[in-house]
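*Asks:* Sequence:
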Amino acid sequence: MVFASWRLVSPENWQHLRSWVLPELFINTGWLIVGVALLTTLLGTSLGWLTAVCRFPGRRLFSWALLLPMAMPAYVLAFVYIGLLDFSGPLQTSLREIGISSLMPPIRSRGGVIIVLSLALYPYVYLVARQAFLSQGTRAIEVAQSLGMSRRQAFYKVSLPLAAPWILGGLLLVLLETLADFGAVATFNYNTFTTAIYKSWFDLREPNTALQLASVLLGIALLLMLLEQLTRRRMRFSLTHSNRYSIDLKRGRALAAFSWCALILALGFVIPAIQLLSWIFSDALADLDSRYWGFALRSASLAGITALLLASLALLLRYCRRLAPNQISRSAEWLSRLGYALPGTVLAIGVAVPLARFSNTLQSWGIPVMLNAGIGALLLAYGIRFFAVAINPVDKAMLNVTPSMDEAARSLGAGFWRVLGRIHLPMISGGLFTAMALVFVDVMKEMPITLLVRPFGWDTLAVRVFEMTSEGEWERAALPALAIVITGLLPVFLLVRRTEK
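Counting in the working numbering, the sequence shown runs without a single skipped number right up to 502 at its last residue.
The hints are simulated quantities; they were obtained by calculation from the structure and are not laboratory data.
Here a beta-carbon is modelled for each residue, glycine too, at the ideal position from N, C-alpha and C.
Keep in mind that the hints are not guaranteed to be accurate.
As the list claims (entries may be wrong) - Distance windows between CB atoms, simulated:
hint, residue 1, residue 2, range
1, R419, L278, 46 to 56 angstroms
2, I424, E468, 42 to 52 angstroms
3, W261, G220, 31 to 41 angstroms
4, S136, W366, 58 to 68 angstroms
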């Protein structure tokens, strides 16, 4: 549907877009991709190396605490730092009151949005980089040092190339999330393809133009996926299985490592959480009324239904492949994962437009049906977007159920359903729970799909945050934002538990 929109092109619209809109969108999106890619790679790789290989005070705490920014949506970080660092914010106001002229660069800038997105997304790179460095043994480093390399040279010429495929995988997720982001860039008034799609859909009432802009964004996402695959295909590596390589940091270096980890943790989670709590207790509690129970109930019900459906579908698809390991089942599983690469705005438009046309067709036949603005359309868009999130934990859990277990159970007279209930489900229950938890939190945080597809009156916590930040009401946005952050801590604790094991 997105690419088919090019059958009808408005010359007047595209003349305006080519002259005034597209150059800015391409420049802004390009800077955003490059800046976030460089900064998240620097943060994730350095922090992963320090917590995996180096020993210094606080390392065990930072190893899991540095994942906490995953619970802080990018749009929450965006309005927190704008509220803190803007010209009218408390920091610059206090500096002016004591007679100090602030030389701080404006937070509402390209650099500001790059820093905020990087602080929100670096855990994707940190998680895989740390795992890669933990998996490396001592042999490669020992050989490098025996050839006269220093520790720094061994890191750049041995450890980093070995971890590169892992880091590239995490970086791809970061870039896809950057392209898909709407809330943070809208808060910063930083025009990208996601904001242009939203304006075309809601402000200009041009759904076909929105679809055509979405096709350009989708093309950029597919190009990034292709580049990542081509880069990784040229890499050949193997991991050793000897003892872990570790470095004891002393005095100044230990202090520097502790300070670096503490600084990123403070900027990515601690300071924003404290500021949200401060706004809530100072002003936002007066805004708490019965509406918030409706926001929370709608958010939780949508997230819960989606989590249950996607975990069930992931289990069904995994059993289809297990019972019929042919090309059809493999292709179905591969295709089902591609939805995560689709930005939320693209998915929302691509789902809403065909459903609207189908609804119009049914109404012309005298059937009063509205499919494009219902809970079903919203669940469909959520399902496409987050099915890959659900199937990955289920897939990993199913690896524990070997064919020999089934054969042994059948030799004892157990049928399929008894084997499923007595053996399979207890063994994969952890993977199912993880899948539901991850999907639940992702749906709670999802903003563009909910904004574009939700039924009338179905405002959620994320929609409430968007409405308040659009009006500059940072304090009133703090309460729903903190509720989303607290919910987001659940998958972080699951990830911590998994990595510790």
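*Asks:* Determine for every hint whether it applies to the structure shown.
*Replies:* Consistency of the hints with the structure:
Look at R419 against L278: about 51 angstroms separates their beta carbons, and that is inside 46 to 56 angstroms. A hinted range of 42 to 52 angstroms holds for the C-beta pair I424 and E468, which are about 49 angstroms apart. The hinted window of 31 to 41 angstroms between W261 and G220 holds, with their beta carbons roughly 38 angstroms apart. For the hinted restraint 58 to 68 angstroms between S136 and W366, the CB-CB distance of approximately 60 angstroms keeps it satisfied.
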